[in-house]
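K.L.:
Under the numbering used here, the first residue of the sequence shown is numbered 1, with each subsequent residue one higher.
Hints are all accurate, no fakes.
For lysine-lysine, the following DSS-like pairs were computed, each having C-alpha atoms within a straight-line distance of at most 30 Å:
(1) K33 - K118
(2) K113 - K31
(3) K63 - K33
(4) K40 - K59
(5) K130 - K63
Computed spacing ranges between beta-carbons, pair by pair:
(6) S35 - S70: 28 to 36 Å
(7) R139 - N105: 27 to 35 Å
(8) L131 - T99: 27 to 35 Å
(9) Q98 - V71: 16 to 24 Å
(10) K31 - Y79: 21 to 29 Å
(11) Q134 - K63: 21 to 29 Å
(12) K59 - L109: 24 to 32 Å
(13) K113 - H82: 16 to 24 Å
(14) N105 - L125: 29 to 37 Å
(15) N61 - L109: 18 to 26 Å
(16) Y79 - N115: 16 to 24 Å
No wet-lab data here; the hints were simulated from the structure.
From the three backbone atoms N, C-alpha and C, an ideal C-beta is built for every residue, glycine too.
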Amino acid sequence: MLKKVLVILLLCSNLVFANDPENTTASTEPKYKISDMDMKIFIRQLNNIEQCIYPDLGKHNYKEIYSKWSVAETLTIQYFEHQILKELLGEKQFNMMQTDDSSMNYFNLLHTKLNHQKANVDKELCENFKLTYQDVYTRVQNTLPKVYK
1 MLKKVLVILL LCSNLVFAND PENTTASTEP KYKISDMDMK IFIRQLNNIE QCIYPDLGKH
61 NYKEIYSKWS VAETLTIQYF EHQILKELLG EKQFNMMQTD DSSMNYFNLL HTKLNHQKAN
121 VDKELCENFK LTYQDVYTRV QNTLPKVYK
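Can you build the whole structure from these sequences, using the hints too?
P.N.:
Quick look at the structure:
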């Protein structure tokens with residue numbers, strides 16, 4: 001009887017420890033895992049947007065172009081990234097992913113694995129989109145402190 005009580009106490013204490021959020025050895029399974037298909041759709045849409053605005057991103061020096069973006073350019077593209085993800089995943093899943101480190105780590109790993117610089121930019125859609133981009137960019141630029149301009 002005493003052995004059973006000790007075993008139960010040991011198991012319970014291990015379960016409590018494993019579920020403690022401060023415990024770095026606890027399971028960090030993502031709350032939301034974006035599917036490969038959704039990631040591929042996201043990548044294609046984002047590449048289309050980026051290469052509409054920055055056509056040279058489709059070339060080999062794309063990392064150099066990213067490194068030269070201003071804070072306003074980075075935040076503007078990030079705004080469109082979030083819009084694509086909200087539309088693709090839904091607001092609830094998007095928010096769940098954004099607030100869970102494990103989900104974001106999974107997202108970033110999958111993005112790195114599947115990302116490419118391929119795009120299929122429609123010229124007419126691109127011309128229309130440039131107006132939207134410029135509007136968002138201007139609003140972002142106007143809200144930034146001077147130190148970031």
